[in-house]
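The primary structure of each chain is shown beneath.
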Amino acid sequence: MLETMGKVEEIIALNDNDKERLIQILLELQKEFRWLSREVLERVGKKLDVPINHIYSLVTFYSHFSLVPKGRHVMSVCVGTACHVRGAERLLDSVASAVKCKPGCTTSDEKFSLDTVNCLGACALGPVMVADGEYMSNPTPDEISRKVESCE
Amino acid sequence: MSEVAIRINTPEELESLRDKVISARDPDATVVSVCTGPGCLAYKSHLVAENIEAELEKHGLADKVRVSRTGCHGFCERGPSVVILPRQTCYLRVKPEDAEEIVKTTLVEGGVVERLLYEGSDGVKIELEQEIPFYKHQDKVVFGVNKYIDPMQMDDYLAGGGYRALAKALTKMTPKEVTEEVTKSGLRGRGGAGFPTGRKWDATSRVEADQRYVIVNADEGDPGAYMDRGILEGNPHSVIEGLMIAGYAVGSTEGYIYVRQEYPLAIDHVLYAIDVLRGMGLLGENILGSGFDFDIKVHKGAGAFVSGESSALMSAIEGRVGEPRPKYIRTSVSGLRGKPSSLNNVETMANVPLIIDRGADWYAAMGTEGSKGTKIFSLVGKVLNTGLVEVPMGTTLKQIVFDIGGGMRGGKKFKGVQTGGPSGGVIPEAQLDLPVDFDQLASAGSMMGSGGMIIMDEDTCMVDVARYFLDFLADESCGKCVPCREGIRQLVVVLKRITAGEGREGDIALVEDIAEMMKDSALCGLGQSAPNPVLSTLKYFRDEYIAHIEEERCPAGVCKPLIAYWIDPDKCIGCQKCAKECPVDAISGEKKEPHTIDMEKCTKCDTCFRVCPTKVQAVTKITRAEAEKLGAPRQVEEAGA
Amino acid sequence: MSDTVTFTIDGKEVSADKGTSLLMAARSLGIDIPTLCHHDELADFGACRLCIVEIDKGGWKKIVTSCLYPVEDGLSVETESEKVIRHRRTILELLRARWSEMPRELIEKYQVPEDRMETESTFCVMCGLCVRHCSERKGANVLGFVGRGTERQVVAHEEPALKYCRDCAAENGMECLAVCPTGVVVNDFALSPPHMTPKGTKARPVRARDNENQEEVNKLIGD
Numbered sequence: 001m002l003e004t005m006g007k008v009e010e011i012i013a014l015n016d017n018d019k020e021r022l023i024q025i026l027l028e029l030q031k032e033f034r035w036l037s038r039e040v041l042e043r044v045g046k047k048l049d050v051p052i053n054h055i056y057s058l059v060t061f062y063s064h065f066s067l068v069p070k071g072r073h074v075m076s077v078c079v080g081t082a083c084h085v086r087g088a089e090r091l092l093d094s095v096a097s098a099v100k101c102k103p104g105c106t107t108s109d110e111k112f113s114l115d116t117v118n119c120l121g122a123c124a125l126g127p128v129m130v131a132d133g134e135y136m137s138n139p140t141p142d143e144i145s146r147k148v149e150s151c152e
Numbered sequence: 001m002s003e004v005a006i007r008i009n010t011p012e013e014l015e016s017l018r019d020k021v022i023s024a025r026d027p028d029a030t031v032v033s034v035c036t037g038p039g040c041l042a043y044k045s046h047l048v049a050e051n052i053e054a055e056l057e058k059h060g061l062a063d064k065v066r067v068s069r070t071g072c073h074g075f076c077e078r079g080p081s082v083v084i085l086p087r088q089t090c091y092l093r094v095k096p097e098d099a100e101e102i103v104k105t106t107l108v109e110g111g112v113v114e115r116l117l118y119e120g121s122d123g124v125k126i127e128l129e130q131e132i133p134f135y136k137h138q139d140k141v142v143f144g145v146n147k148y149i150d151p152m153q154m155d156d157y158l159a160g161g162g163y164r165a166l167a168k169a170l171t172k173m174t175p176k177e178v179t180e181e182v183t184k185s186g187l188r189g190r191g192g193a194g195f196p197t198g199r200k201w202d203a204t205s206r207v208e209a210d211q212r213y214v215i216v217n218a219d220e221g222d223p224g225a226y227m228d229r230g231i232l233e234g235n236p237h238s239v240i241e242g243l244m245i246a247g248y249a250v251g252s253t254e255g256y257i258y259v260r261q262e263y264p265l266a267i268d269h270v271l272y273a274i275d276v277l278r279g280m281g282l283l284g285e286n287i288l289g290s291g292f293d294f295d296i297k298v299h300k301g302a303g304a305f306v307s308g309e310s311s312a313l314m315s316a317i318e319g320r321v322g323e324p325r326p327k328y329i330r331t332s333v334s335g336l337r338g339k340p341s342s343l344n345n346v347e348t349m350a351n352v353p354l355i356i357d358r359g360a361d362w363y364a365a366m367g368t369e370g371s372k373g374t375k376i377f378s379l380v381g382k383v384l385n386t387g388l389v390e391v392p393m394g395t396t397l398k399q400i401v402f403d404i405g406g407g408m409r410g411g412k413k414f415k416g417v418q419t420g421g422p423s424g425g426v427i428p429e430a431q432l433d434l435p436v437d438f439d440q441l442a443s444a445g446s447m448m449g450s451g452g453m454i455i456m457d458e459d460t461c462m463v464d465v466a467r468y469f470l471d472f473l474a475d476e477s478c479g480k481c482v483p484c485r486e487g488i489r490q491l492v493v494v495l496k497r498i499t500a501g502e503g504r505e506g507d508i509a510l511v512e513d514i515a516e517m518m519k520d521s522a523l524c525g526l527g528q529s530a531p532n533p534v535l536s537t538l539k540y541f542r543d544e545y546i547a548h549i550e551e552e553r554c555p556a557g558v559c560k561p562l563i564a565y566w567i568d569p570d571k572c573i574g575c576q577k578c579a580k581e582c583p584v585d586a587i588s589g590e591k592k593e594p595h596t597i598d599m600e601k602c603t604k605c606d607t608c609f610r611v612c613p614t615k616v617q618a619v620t621k622i623t624r625a626e627a628e629k630l631g632a633p634r635q636v637e638e639a640g641a
Numbered sequence: 001m002s003d004t005v006t007f008t009i010d011g012k013e014v015s016a017d018k019g020t021s022l023l024m025a026a027r028s029l030g031i032d033i034p035t036l037c038h039h040d041e042l043a044d045f046g047a048c049r050l051c052i053v054e055i056d057k058g059g060w061k062k063i064v065t066s067c068l069y070p071v072e073d074g075l076s077v078e079t080e081s082e083k084v085i086r087h088r089r090t091i092l093e094l095l096r097a098r099w100s101e102m103p104r105e106l107i108e109k110y111q112v113p114e115d116r117m118e119t120e121s122t123f124c125v126m127c128g129l130c131v132r133h134c135s136e137r138k139g140a141n142v143l144g145f146v147g148r149g150t151e152r153q154v155v156a157h158e159e160p161a162l163k164y165c166r167d168c169a170a171e172n173g174m175e176c177l178a179v180c181p182t183g184v185v186v187n188d189f190a191l192s193p194p195h196m197t198p199k200g201t202k203a204r205p206v207r208a209r210d211n212e213n214q215e216e217v218n219k220l221i222g223d
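One line per chain: the protein sequences are A, B and C, in this order.
Each residue of the first sequence is one higher than the one before, starting from 1 at the first, in the working numbering.
Each residue of the second sequence is one higher than the one before, starting from 1 at the first, in the working numbering.
Each residue of the third sequence is one higher than the one before, starting from 1 at the first, in the working numbering.
Keep in mind the hints are simulated off the structure, nothing from the lab.
Note that beta-carbon positions come from the ideal geometry of N, C-alpha and C, so glycine has one too.
Just so you know, not all the hints are guaranteed correct.
As the list claims (entries may be wrong) - Pairwise CB distance ranges (calculated):
#1 B:GLY123 with C:GLU120: 55 to 63 Å
#2 B:GLY110 with A:LYS100: 53 to 61 Å
#3 B:LYS184 with C:GLU215: 34 to 42 Å
#4 A:SER150 with B:ALA24: 42 to 50 Å
#5 B:LYS104 with A:THR140: 31 to 39 Å
#6 C:MET196 with B:ASP543: 39 to 47 Å
#7 C:SER28 with B:THR171: 54 to 62 Å
#8 B:PRO633 with C:LYS109: 54 to 62 Å
#9 B:GLU550 with C:ASN218: 42 to 50 Å
#10 C:SER28 with B:GLU550: 48 to 56 Å
What the hints assert, rightly or not - Cut-off 27 Å, straight-line C-alpha distance, at most; resulting in silico cross-link-like pairs (BS3-like, lysine-lysine):
#11 C:LYS219 with B:LYS496
#12 A:LYS100 with B:LYS577
#13 A:LYS19 with B:LYS412
#14 B:LYS297 with A:LYS46
#15 A:LYS100 with B:LYS496
#16 B:LYS580 with A:LYS100
#17 C:LYS138 with A:LYS19
#18 A:LYS102 with C:LYS219
#19 A:LYS147 with B:LYS95
#20 C:LYS163 with A:LYS19
#21 C:LYS163 with A:LYS70
#22 B:LYS172 with B:LYS412
#23 C:LYS163 with B:LYS327
#24 C:LYS219 with B:LYS327
#25 C:LYS57 with B:LYS327
#26 A:LYS19 with B:LYS327
#27 B:LYS297 with A:LYS7
#28 C:LYS199 with A:LYS46
#29 B:LYS44 with A:LYS147
#30 B:LYS539 with C:LYS61
#31 C:LYS199 with B:LYS327
#32 A:LYS46 with C:LYS138
#33 C:LYS83 with B:LYS327
#34 A:LYS47 with B:LYS297
The task is simple: from the sequences and hints, build the whole structure.
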């Protein structure tokens with residue numbers, strides 16, 4: 001915990017304790033810890049003199065912030081329009097049943113998180129998903145389960 | 001990095017640096033341009049580049065041939081794309097293991113690797129990039145330079161004339177003349193509604209203030225549009241130069257680039273470019289000795305479509321929730337920190353240096369009466385050639401979809417094209433001859449938006465498309481005003497009901513009441529335009545809505561509760577492919593005997609339909625009524641999320 | 001005189017100071033325009049859109065929100081044009097789906113249909129009056145929005161609640177409740193004010209409290 005708070009203070013200091021940089025600070029913290037805990041948010045609020053209701057309005061407004069720990073493996077399914085017309089919903093269903101968790105959720109053993117993203121800018125590959133950084137173009141249910149099984 | 005941090009203090013010093021860069025380069029030298037845009041990177045084009053370099057080393061060509069890792073070339077469908085300059089030999093779908101043959105055959109022996117060339121549907125192979133139909137019908141004024149530019153090499157941008165426009169603006173033109181030139185060019189904002197850029201600058205510059213701001217909106221949020229990413233990742237300096245010129249024109253010393261954090265490469269490239277410019281004195285105080293001071297800050301967006309709205313974006317830069325501001329006052333009068341601010345899209349900014357460099361008349365000669373210049377579109381969906389394309393305004397939809405896009409995938413029938421993202425609409429086949437510009441798209445009930453073009457074929461359900469966009473907006477609306485928050489909620493309820501076959505009489509009238517109210521009464525542009533996808537599909541594809549409601553039938557065979565999968569026993573050859581792939585073991589049958597699907601077990605994942613050999617096509621989608629006749633259970637709730 | 005402007009509302013000629021809103025100008029004439037989220041002493045919010053009116057600016061007609069739109073010379077304002085009535089009816093219909101006890105007079109005056117929409121009565125219409133009162137006027141920052149889009153909610157945060165709510169309630173009775181226009185939440189909230197939040201709950205919904213709703217909030221804020 002001490003170490004965590006040290007990092008929080010460091011990141012805030014690197015941003016000149018500037019209230020205007022609140023979103024930038026939270027993005028850096030999200031990147032550092034992969035989620036934002038209540039303790040971290042409370043510290044940020046105290047340090048920058050931003051009330052807790054403002055902090056929570058902000059972190060629950062922007063989709064990039066996660067307020068729960070993310071899984072060790074992240075599956076992102078693109079649900080952009082181009083992928084949608086090429087069957088993204090079907091792909092999402094398949095991935096959800098393979099990792100046994102709903103879109104936007106993390107499995108209780110914190111092994112998998114399943115996210116949807118609005119456009120990966122890889123429309124030619126649609127429907128496309130990214131499994132731990134690896135792009136998969138229109139995978140079959142079989143390919144998905146093989147990928148899922150390969151995750152530790 | 002090859003950049004030498006020498007300070008450039010005058011336009012003359014800039015020109016002599018440019019001369020040095022150009023003269024150090026042999027115009028006939030071979031350069032291997034490897035696309036490292038997002039689509040190609042997904043197919044490991046970074047390894048292609050690495051392997052080509054290693055092979056060059058092996059053949060002792062490392063000093064003679066340069067490998068350039070560039071931004072998006074455009075032809076994403078057939079990526080990774082490798083273009084060998086100056087000849088323009090274009091290799092497509094290049095794999096890392098192809099490097100050896102490319103280097104040996106082309107770079108050592110001067111031949112061509114036939115198998116990596118473009119091959120049309122007629123079987124004819126084409127070697128040169130500009131002769132490939134996808135590229136031949138384009139006019140790549142802004143985007144064409146991408147293949148010559150490594151975004152991490154300032155020299156590449158300088159060699160192409162970079163920052164010449166800035167020098168011209170700062171030393172030969174007054175801010176007013178710059179604005180007038182942009183106004184005269186007819187440039188309109190590429191981000192959405194197409195507001196004239198010059199007029200926006202003029203309005204911002206006229207407001208009395210101690211500071212004004214210029215901001216680039218790179219929060220490309222339209223799902224299915226990625227041209228801004230293509231420009232910012234591939235040619236960051238063009239956007240920065242445009243922003244600097246805008247800053248000079250409106251009287252600002254501080255610029256912002258608001259980039260969504262989902263584009264980490266774009267952020268890296270922009271930050272790097274800014275660093276280089278600071279080192280050279282091209283950002284900072286007294287730029288080029290002109291007395292103009294300017295610096296740029298990068299703000300990362302944390303993921304909110306509504307932040308594309310100008311006042312919401314400015315709130316986000318101030319570190320607050322990105323909600324639209326409840327005020328009838330333009331951000332050009334009171335924007336970021338209450339100061340006059342001009343917000344321009346990435347593509348708009350990339351056009352600015354070209355206009356200043358080559359003049360408004362050159363620019364205004366391209367395009368239509370009301371929309372000048374070119375526009376970059378992301379041509380995606382069910383079209384054969386997916387990618388980023390740039391055409392003069394006024395090019396018809398038909399030319400874009402068929403000449404450049406190569407028509408539909410799998411020989412399907414064209415049904416419509418969705419433009420303008422969640423704020424736009426669908427344009428039907430009957431309007432394929434529509435010349436694409438701001439005004440024509442608006443009069444057809446859609447809009448330009450940022451330039452996403454999603455092509456739909458006969459297998460796309462228009463009610464489902466409308467539902468898709470509303471679902472998107474239900475999550476992306478800020479939720480502040482009643483028309484948008486509650487209106488979208490009810491529209492989603494009705495459309496889900498219709499796509500589930502539970503539509504009621506009066507549903508269409510209800511949708512229209514809510515939609516009309518939202519258009520007039522919502523707080524911001526997002527809410528006002530949110531009903532467009534449903535209104536335009538109702539306008540052109542009303543019969544599909546009626547089929548869902550009155551006949552419980554999805555004509556495109558998309559809406560899961562309204563279809564079932566059935567194997568035609570007369571066609572099935574018993575190859576067992578579908579049975580093997582079925583994730584829920586719903587298919588049974590002996591080898592070489594017709595198979596059957598257990599409709600109670602079937603989750604309608606479409607796998608069997610996709611794996612059934614095209615010559616056989618025994619797996620068929622049937623309607624709910626037909627399935628019930630065959631004894632299938634009736635689905636009460638909609639399957640899936 | 002450059003700081004007053006002259007225009008018409010429902011055919012009556014009016015003069016008003018520059019910067020005045022159309023709503024204020026109309027009210028000074030005794031013309032009633034319904035509002036939910038507006039409060040004279042709080043910052044502009046513009047969320048409920050009930051106060052829409054139709055303006056005519058030299059032949060160019062447009063629907064605007066009267067609480068935000070500043071008076072302008074030569075404007076012609078209609079507070080109950082056919083379009084205004086029609087849209088206001090739809091807005092009320094949307095609100096009614098969330099607020100089952102909407103006052104009869106509103107329902108009758110605008111003939112708000114009852115059964116076309118899916119109702120899920122939360123009694124909170126997200127007017128933000130309580131949130132703004134608590135932050136802007138009291139500086140307590142107990143109440144706040146969380147989430148966005150159709151998932152948006154108003155919650156009370158425990159930490160500042162323990163600090164401020166008891167005193168605020170003792171002085172004037174729960175002020176946040178006094179500004180709430182929908183009433184039902186008032187009773188619910190008053191029975192168990194924020195500082196009496198159950199142990200272990202870091203923030204709780206302001207609207208009708210049932211377990212499901214508390215779970216939604218917990219999920220939103222990650223607790």
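Status of each hint after checking the structure:
Separated by about 60 Å at the C-beta atoms, B:GLY123 and C:GLU120 satisfy the suggested range of 55 to 63 Å. In this structure the hint that B:GLY110 and A:LYS100 lie 53 to 61 Å apart at CB holds, the actual value being about 56 Å. The beta-carbon spacing between B:LYS184 and C:GLU215, approximately 60 Å, falls outside the hinted interval of 34 to 42 Å. Here the CB-CB span from A:SER150 to B:ALA24 is close to 49 Å, well matched to the stated 42 to 50 Å.
Checked against the hint of 31 to 39 Å, the C-beta distance between B:LYS104 and A:THR140 comes to roughly 36 Å, which is consistent with it. The supplied range of 39 to 47 Å is broken by C:MET196 and B:ASP543, whose beta-carbon atoms lie about 58 Å from each other. Taking the beta carbon of each, C:SER28 and B:THR171 are about 56 Å apart, inside 54 to 62 Å as hinted. Here the CB-CB span from B:PRO633 to C:LYS109 is close to 48 Å, at odds with the stated 54 to 62 Å.
Distance hint check: the CB atoms of B:GLU550 and C:ASN218 are about 43 Å apart, consistent with the given range 42 to 50 Å. Take C:SER28 and B:GLU550: their Cβ atoms lie about 53 Å apart, and the range 48 to 56 Å holds. Our distance criterion of 27 Å between C-alpha atoms is met by C:LYS219 and B:LYS496, whose separation comes to about 25 Å. With a C-alpha separation of about 25 Å, the suggested pair A:LYS100 and B:LYS577 falls inside the 27 Å cut-off, and the hint holds.
A C-alpha spacing of about 55 Å is found between A:LYS19 and B:LYS412, which places the hinted pair above 27 Å, so the restraint is violated. A C-alpha spacing of about 26 Å is found between B:LYS297 and A:LYS46, which places the hinted pair at or below 27 Å, so the restraint holds. Of the pairs offered as hints, the one joining A:LYS100 and B:LYS496 holds, with about 24 Å between alpha carbons and a cut-off of 27 Å not exceeded. Between B:LYS580 and A:LYS100 the CA atoms are separated by roughly 21 Å; this keeps the pair inside 27 Å, and the hint holds.
Only pairs whose Cα atoms come within 27 Å are accepted, and C:LYS138 paired with A:LYS19 is accepted, the gap being roughly 21 Å. Our distance criterion of 27 Å between C-alpha atoms is met by A:LYS102 and C:LYS219, whose separation comes to about 14 Å. Of the supplied pair hints, the one linking A:LYS147 and B:LYS95 holds, its CA atoms being roughly 22 Å apart against a limit of 27 Å. At roughly 24 Å between alpha-carbon atoms, C:LYS163 and A:LYS19 fall within 27 Å of each other, so this suggested pair holds.
Our distance criterion of 27 Å between C-alpha atoms is broken by C:LYS163 and A:LYS70, whose separation comes to about 33 Å. A threshold of 27 Å between alpha carbons decides the hint, and for B:LYS172 with B:LYS412 the separation of about 55 Å lies outside it, so the pair is violated. Only pairs whose Cα atoms come within 27 Å are accepted, and C:LYS163 paired with B:LYS327 is rejected, the gap being roughly 34 Å. Taken as a hint, the C:LYS219 and B:LYS327 pair is broken in the structure, with Cα atoms around 33 Å apart against an allowance of 27 Å.
Among the hinted pairs, C:LYS57 with B:LYS327 is consistent with the structure: their alpha-carbon atoms are about 18 Å apart, no more than 27 Å. At most 27 Å may separate the alpha-carbon atoms for a hinted pair to count; A:LYS19 and B:LYS327 meet this at roughly 24 Å. Proximity of B:LYS297 to A:LYS7 is assessed by CA-CA distance (about 24 Å); at most 27 Å being required, the pair is judged to hold. The straight-line distance between the Cα atoms of C:LYS199 and A:LYS46 is roughly 23 Å, inside the 27 Å bound, and the hint therefore holds.
A threshold of 27 Å between alpha carbons decides the hint, and for B:LYS44 with A:LYS147 the separation of about 18 Å falls inside it, so the pair holds. Among the hinted pairs, B:LYS539 with C:LYS61 is consistent with the structure: their alpha-carbon atoms are about 24 Å apart, no more than 27 Å. With a C-alpha separation of about 41 Å, the suggested pairing of C:LYS199 with B:LYS327 is violated against the 27 Å cut-off. Between A:LYS46 and C:LYS138 the CA atoms are separated by roughly 19 Å; this keeps the pair inside 27 Å, and the hint holds.
Note on C:LYS83 and B:LYS327: the hinted pairing holds, with a Cα-Cα distance of about 22 Å set against a maximum of 27 Å. Among the hinted pairs, A:LYS47 with B:LYS297 is consistent with the structure: their alpha-carbon atoms are about 23 Å apart, no more than 27 Å.
In terms of the numbered hints stated before, the structure departs from hints 3, 6, 8, 13, 21, 22, 23, 24 and 31, listed from lowest to highest.
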